[in-house]
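**Student:** Residues 706 to 919, numbered by my numbering, are exactly what the sequence shown covers, in order.
Derived from the structure by calculation, the hints contain no laboratory data. Keep in mind the model is a prediction, meaning the values are calculated, not measured. Among the clues, some could well be false.
[To be verified] Cut-off 30 Å, straight-line C-alpha distance, at most; resulting in silico cross-link-like pairs (DSSO-like, lysine-lysine):
#1 854 - 739
#2 826 - 739
#3 724 - 854
#4 748 - 724
#5 724 - 739
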Amino acid sequence: MSILVDRSTRVIVQGITGKEGSYHATACREYGTKVVGGVTPGKGGTTHEGFPVWNSVFDARDAESPDVSLIFVPPAFAADAILESVAAGIPLIVCITEGIPVQDMVRVRRVLDSHNDQGGKIRLIGPNCPGIITPDGAKIGIMPGYIHKRGRVGVVSRSGTLTYEAVWQLTQLGLGESTCVGIGGDPVRGLNFIDVLEMFEADAETEAVVMIGA
């Protein structure tokens, strides 16, 4: 087992035709992640680096039934990108974008909390985070895949670079990781430490946890 993502997870990338989105979508695919396509308004019906592109998350949802939306959208538009995925009912949203205005994220949290209070089950990781990886399963974000090794230690952190250092040491010691989650360092964000720790507690394959940045 793992938490949140595994080898079967299907991913779309919002902002896939941009420089960052294109590079990391390709890197995730090369790791073995099932990246089924992406979204860029106005470019629907085209392909980019072998990925089909849709105009909206709704179109991508109807075509591919994704489990995750990975967001590489400029800060001014990132909140709307998150909210589009919420409206489309994407179960897990991973927002890499840094520099989203706090007021925009307050609006996102208000909508997300309202949705989940009414029975929804949508989770947000980030923003301003490296993403999530289950080694040998799925890499959904910007972390270097080669430093990870399948194991039984969960990692949850606010810092990307400190996460990489902790992971590399776990790998070098032969311990490995079950899942690594970068929750991001912004003041208003999605999942927090308690949310992730509860998931690790319920995961039979996670025997210990490294928590960074509390």
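**Student:** What hint numbers does the structure not satisfy?
**Tutor:** none
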